[in-house]
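Dock chain R against the given chain S, drawing on the hints supplied.
First to last, the sequence lines map onto chains S and R.
Numbers in our numbering are just positions in the first sequence, counted from 1, shifted up by 842.
Numbers in our numbering are just positions in the second sequence, counted from 1, shifted up by 123.
Since the hints were derived computationally from the structure, they do not count as laboratory data.
Here are the computed lysine to aspartate or glutamate pairs in the EDC-like style, where the Cα-Cα straight-line distance is at most 16 Å:
#1 R:K480 x R:D427
#2 R:K402 x S:D1300
#3 S:K1127 x R:D220
#4 S:K1127 x R:E225
Ranges of calculated distance between the beta carbons of each label pair, as one might list FRET restraints:
#5 R:G136 x S:L1268: 29 to 37 Å
#6 S:F1394 x R:P217: 21 to 29 Å
#7 S:P967 x R:L276: 52 to 60 Å
No residue lacks a Cβ here, since even glycine has one placed at the ideal position from N, Cα and C.
These are the residues of each chain, in order.
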Amino acid sequence: MAVVEVSHATSEHIHPPPETFVQKYVFSFDHKVIAVQYFITTGLFFVLAGLLAELMRAQLAGPNNHVLSVTMYNQAYSVHGSAMVWLVIIPVLTGAFGNLIMPLQIGARDVAFPWLNMFSFWLFPPAGILLFGSFLLGAPEAGWTEYPPISLQEPAGTSMWCAAIFLVGVSSTITGLNFLVTIIKMRAPGMTWTRMPLFVWATAVTAFLSFIATANLSAALLALFIERTFNVPYYDPSRGGSPVVWQHVFWFYSHPAVYIMVLPAFGIISEIIPTFARRPIFGYKAIAYSSTAIGLMSFMVWAHHMFTSGLAQWVQLPFMILTMAIAVPTGVKIFSWVATLWAGKIRLASPLLFVLGFLSTFTFGGITGIFLASVPADIHEHATYFVVAHLHYVLFGGSIFGIFAGLYYWWPKMTGRMLDERLAKLHFWTMFVSFNATFLPMHWIGLFGMPRRVATYDPVYGGTNLFISISAFVLGASMLIFAYNALRSAKHGELAGPNPWGARTLEWMIPSPPPYYNFDRIPIVLAAPYDYGQPLPYRDVAPEYLAAVPRF
Amino acid sequence: MSHHTDENHLDGGFWRAVIVMGIISALGMWGVVVFPIENYLKEAAQQAADIDWLFRFMAFFSVPILVYVNGFIIYFVIRYRTRPSDSIQATGSPIHDHSALETWWTIIPAALMLALGLLSYKVLPEYYGAQAAAVTMEAIGHKWDFEFRYPGLAQSVYNDLYLPIDVPVTMDITSSEAQADDAVIHSFWVPEFRIKQDMVPGMVVPIHFTPNRLGTYRIICTEFCGIGHSRMWGSVHVVSQADFNTWFATQQKQSANGGPKVNVASGDAGAGQALFQQKCSVCHNAAPFDQRKVGPGLADLFDDPQHPALVDGKKADPADVAEILEKGYTGSMGSMPNMQANGISSTDIANLVAYLKTLHK
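The following block holds chain S by itself, in its conformation from the complex (with noise of 0.2 Å):
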């Protein structure tokens, strides 16, 4: 490997700390402080989204049940699917993850524009009771997609449906364009693009996709929002406009915001199984650059969620092929995680368990997704309960299993307390068992003739039905353990110090919770860093840090 020279830069300029309870903890400038901040509050919007999730089970357990109103329940899925794509899984993946680790993992005392950061978080508070506060003026009712021309029929809360999923998509091109600049212009001397840890690889690649796809989103919205208010008719058939425009642009911005919503994770998944398997990841530069590969072609993929729409064959074919491309660098990624797993020394601790059910549930959501790609079958499938099953299987059991993961081992990081381990572990295997019990029937009932985004059905679906409501009953109730378990390390929790599981990524080299602006002196990094049983690649780490054995 060669060496490559490097030298401190000459100023270093730190700032004193803030000292009044506003700079510090409301409009603070500090990532870490950022990344609680939206911890917290998609944290809070999770249980809301989760809640009307719960509602709309209730209403589903029986075929003719009266829980809800019809209109009330299209409300509920709206909301629901609106919220946990955009206020809870993107932000806290980019927003709460990205500014918790990524400084601190390329050696870095902020991002880049850390006024810029903390305005991207205030955006978020008010999408928040935008989204939901739309209940009260008619909340929009076309699920998260809100096709038009239907949406264009709505109450006023599509409107502010529209505003809020705008302030989201500032907020999340800023933070792309803030997280790249970051990650291009504040590694710590020496740390090369193949030395960044594959948590950083990840987050480039999800700010890329961020900054570039996210304004197509604000376009078709600000089209929607214009049509609605002023009548300006963009998409409305009868005077010219094209409903199927729309559905172009949503998803041109959607299917890379798939990515958005799982390639963090995989970066997650990256760095908790080489700490827990205690040797170098199988293929490092395979891993880094199918995420690339990834972040490209997702751009090249969004008409396979438009097969029915009427497409022409000849447009449908390069979707068709492109989608199964997209097959081989994900299973390149899958395969190495497992083979990263061969021969190791495997410490099933809970943030590896939460990676091997992420691996499982994930794999599966994977495949599911290629028959969805195949169009012949893809024209019985779509718009059933199997797409719900595949994109549940994504969503929740890759993403959401992944930054659960990444909470337990990164907990005693944020909050310098560790996590219950039996805790950890009966929270894991109540939610992998009612997870699958909730979302694989779900691709039955889907294949033989349930449809999604419905009141009611057959009631020969009733029995599935229940058992999948009882099911996500026990898997909302599983979050309860996980609430329990992080109040509780607050005042019980042992104390972990810095480095509780042994890892050799830069953000482990300091004090938990790390201090303001991070590093004494700014690190000087000599190699990857998964090389378990040799000496760490870092200089200018002081030598306390330097012992990465795990503890737990």
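Quick look at chain R alone, frame taken from chain S:
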């Protein structure tokens, strides 16, 4: 520092695990073959069998991928777990990569995807390639009904589609643009045909299929289209050519007579109640007038002085209500589709009126 030992990783234990996973995979693949979808959802159109075959192809090769990914995870976690005797500093193999292995796990999935792409491409034209269709007709989505127009039939047929068996059909699919708020996207799905096409206002998309199994199958809307979406169902009746001709002749005669007459006095309240739950309850509560859904509550429709006069400013009587059910309503309380659009017969109207008479507060 490193406590890695040079144990043989590809030993008997490894190969035994591989064989066990192979047996589980084989059982799963056998299951895919012997329990085809057709056992649970009939194939009632010609291309359905090809699509099911494609589905089975995908399921068949998915089984070993799932079994080996999950199996290796479980096997590695058990075999390579840290044991109490291990040093806290123990680490695993220092191997970073293995180019032959990585090449294979790129090439094999790529080849499978290519094969799947080619097979899908082969099945695909059956939807779009025009055959010599013997029936060319139109399907139009409404809130919340499927309208079908046959050549040679003056009036449309609502929700009950009749097709002769083994005759290729070309169906031009679109959505209503009659009024601005009726123009939304629906989707025409017949699960037994394995056919789905969005009904997009302003776009006409022809689809082609050949029903090949007698029976009645459900038509389901799969694009959200408003409050009635959950119950936007129709039926397709695949019948013999002779039965089709009889049905078609009856339709033509009805068309010439301006439709059948309603006998309001002869209704069955029980049948009316079932129909009310199925159709009317989407928009109406069986409750007092002020408990509105889309339309007003219908309890005490004939006796409650709170009910505004329905027709001609006089108190509602059964004949007036029957007329509204037959012809639809547009006025101060909103609008309601006519009997064709609601997919109800004149007997149904009589039954509904009989049921509404029994509805008290």
